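Assemble the complex: chain A is given as a structure, and chain B with the ligand must be docked to it using the hints.
Which chain is which? The protein sequence lines are A and B, in order. According to my numbering, the first sequence is numbered sequentially starting from 1. According to my numbering, the second sequence is numbered sequentially starting from 174.
Quick caveat, the hints were computed from the structure, so don't treat them as lab data. Misleading hints may appear alongside valid ones.
Derived lysine to any residue pairs resembling SDA-like cross-links, with alpha carbons at most 25 angstroms apart [stated by the list, open to error]:
| no. | chain 1 | residue 1 | chain 2 | residue 2 |
| --- | --- | --- | --- | --- |
| 1 | B | 251 | A | 62 |
| 2 | A | 21 | B | 359 |
| 3 | B | 374 | A | 22 |
| 4 | A | 69 | B | 221 |
| 5 | A | 69 | B | 222 |
| 6 | B | 347 | A | 22 |
| 7 | B | 324 | A | 14 |
Which stretches of chain B does chain A cover? Using the computed rule of at least three CB atoms under 8 angstroms from a CB of chain A, they are [unchecked claim]:
| no. | segment |
| --- | --- |
| 8 | 225-236 |
| 9 | 239-248 |
| 10 | 334-347 |
| 11 | 373-380 |
This one's a predicted model, so the numbers in the text were calculated from it and none came from an experiment. Here a beta-carbon is modelled for each residue, glycine too, at the ideal position from N, C-alpha and C.
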Amino acid sequence: MMDRHTSHLHNDYVDGLLSEKQASEVDNHADSCEKCREDLNQLRNLKDRLAAIDAPDPGLEYFERLSEKVAERTHSITNESNSKSVNIKPVSASQAVLKTLIRVAAAITLLFGSFYASDFLSGNNQSPNSDNWAVLEYNIPDPIALPDSEHQQPPPSAVDEESIDKEDSDTEN
Amino acid sequence: MFAQKSKRFVTLIDGRDIIGMTEETTALVLLFQKGDRKAFTKLVKIFRQRVYGLAFKMLKNHIDADEVAQETFVRVYKRIGQLKSPVHFDSFIYRIASNYAIDLIRKRKGRIVAMPEESELPGSVQLTLATKVTSPEKVLENKQLLQAIVKAAEELPPRQQTTLILHDIEGLSKEEVARIMNCPEATVRSNLHIARNKLKKKLAKLLTS
Ligand SMILES: [Zn+2]
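Next comes chain A alone, as it looks inside the complex (with noise of 0.2 angstroms):
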C-alpha cells in the first residue's frame, strides 16, 4: 500500500465534519487505494438510503383520532409540575362512533440471512471505547432538563446480550 488507509476518517468525511486538508488526504488515498475507494462508496451509499428511508402517512383521518384520543387521555389529568396554573377545560372529544381506520400492523419481511461480511475495517477503524457506550462522564447540563424517570432501567438480563448498549448515559440526571 502507498500510504495509510483512511477507512477511520470515512464516517466524518461522508458527514462533511473533516478539514480540507483531512478531507484531500482521504481523496488522494482513495485514488491509488480500491479497498478504501470501495469503503467510501458503500458508506455514501448507506447513508443516502438511509436518509430515503420515511414512514408511511397513515393519513389525516388517523392523525385526527389520535389528538381526540390524547384529548381524552390527558382530560383528568393535572399537569405534574405546573398543577396550579393548567387549566382544565372539557373536553368534547369522546364521539361514541370512531371509525377504525388503521390497517394492520406493518410487515417488513425479513429475506436476508446472510451477508458477505467483509473484515476489512474489523479492526482498526473503531474509536477507543469500539462497542461500549462512552464511558465519558457527562456533567454538562441537561437543557432540557427532563429526568428520565419514565424510563426505567430494564433488568441486566433483558440488556442486549452482547452488553454494548450499556445505558450509561441513560442514568445521569
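Showing chain B with the ligand alone in chain A's frame:
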C-alpha cells in the same frame, strides 16, 4: 448534500435555516406551560406526524407507533412543567418518544411476532424508500436493500439504533441527537460510526454497485 426531510419545519431567521422549532411553536410551548390547553392541542397537531414517524421508524409497525405517539403526548402533557427551555421542546418530545420506543423495543425483543406476508396486507403500512428508479429490477433491488437495511439496523442495540435513526434517517444534527439522548456529542458520533460500520459490514455486497 443530503436533503433534509421536507416534512420538517423550516423557517428563516437571519438568513439561516432553522429546522425544528419556530418562534410560533415556542410561543405555543410557553402558553401551554401557563396552562393553555388549546396551545397543547395545537402542539399535538404540529408534532403528531413527526412523533408517529419517528416511532414507526423505530418499531416498524403501526400499532406500536400509535402507542408511542399517544403515550408521548400524554407524558408531554404531564411533564411540560419540567421543560426549562421552551426552544428545545422538539428535543424534549423526541426524547420522551424515543425513550418510550426503546422500552418497547426491549420488551418486544425475544418475542417472536409472526409477521404476515406483505402481500396479505392490502394497504399495509411499511417503511418506504424514496426512489427515482423505474425499472422493475431496480424497484425490487431497492426493496430488498431496504429490507436488508431495516433488518440489520434492528439487530443493533437500541441506543445505537436510535442514534442511527435520529441522525441518518431523521436527518437531525449530532447536537440535536445528543440533546435528545442526553449524552455528549462524542457519544453520538461514536455510536453512529459503530452502527454504520456494522451495517456496512453486513450489507457490503448489497451496497456495492
Ligand atoms: Zn486504503
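Tested hints:
Taking the CA atoms of residue 251(B) and residue 62(A), the gap is near 23 angstroms; set against the 25 angstroms cutoff, the hint holds. Between residue 21(A) and residue 359(B), the direct Cα distance comes to roughly 22 angstroms. Compliance with the 25 angstroms bound is thereby established for this hinted pair. With a CA separation close to 24 angstroms, the supplied pair residue 374(B) and residue 22(A) stays within the 25 angstroms bound. Distance restraint check for residue 69(A) and residue 221(B): the Cα-Cα separation of roughly 12 angstroms lies within the 25 angstroms cut-off, and the hinted pair is therefore satisfied.
Note on residue 69(A) and residue 222(B): the hinted pairing holds, with a Cα-Cα distance of about 15 angstroms set against a maximum of 25 angstroms. For the hint pairing residue 347(B) with residue 22(A), the CA-to-CA distance comes to about 20 angstroms; that is within 25 angstroms, so the pair holds. Using a Cα cut-off of 25 angstroms, the hinted pair residue 324(B) and residue 14(A) holds, with the two alpha carbons roughly 23 angstroms apart. Counting residues of the segment 225-236 of chain B whose beta-carbon sits less than 8 angstroms from any beta-carbon of chain A gives 9, enough to reach three: the coverage restraint holds.
Under a criterion of three residues with beta carbons nearer than 8 angstroms to beta carbons of chain A, the stated coverage of the segment 239-248 of chain B is upheld, 6 such residues being counted. Restraint check on the segment 334-347 of chain B versus chain A: 4 residues with Cβ-Cβ distances below 8 angstroms, three needed, restraint holds. Note: the segment 373-380 of chain B has 8 residues with beta-carbon separation from chain A under 8 angstroms; the three-residue rule is met and the coverage holds.
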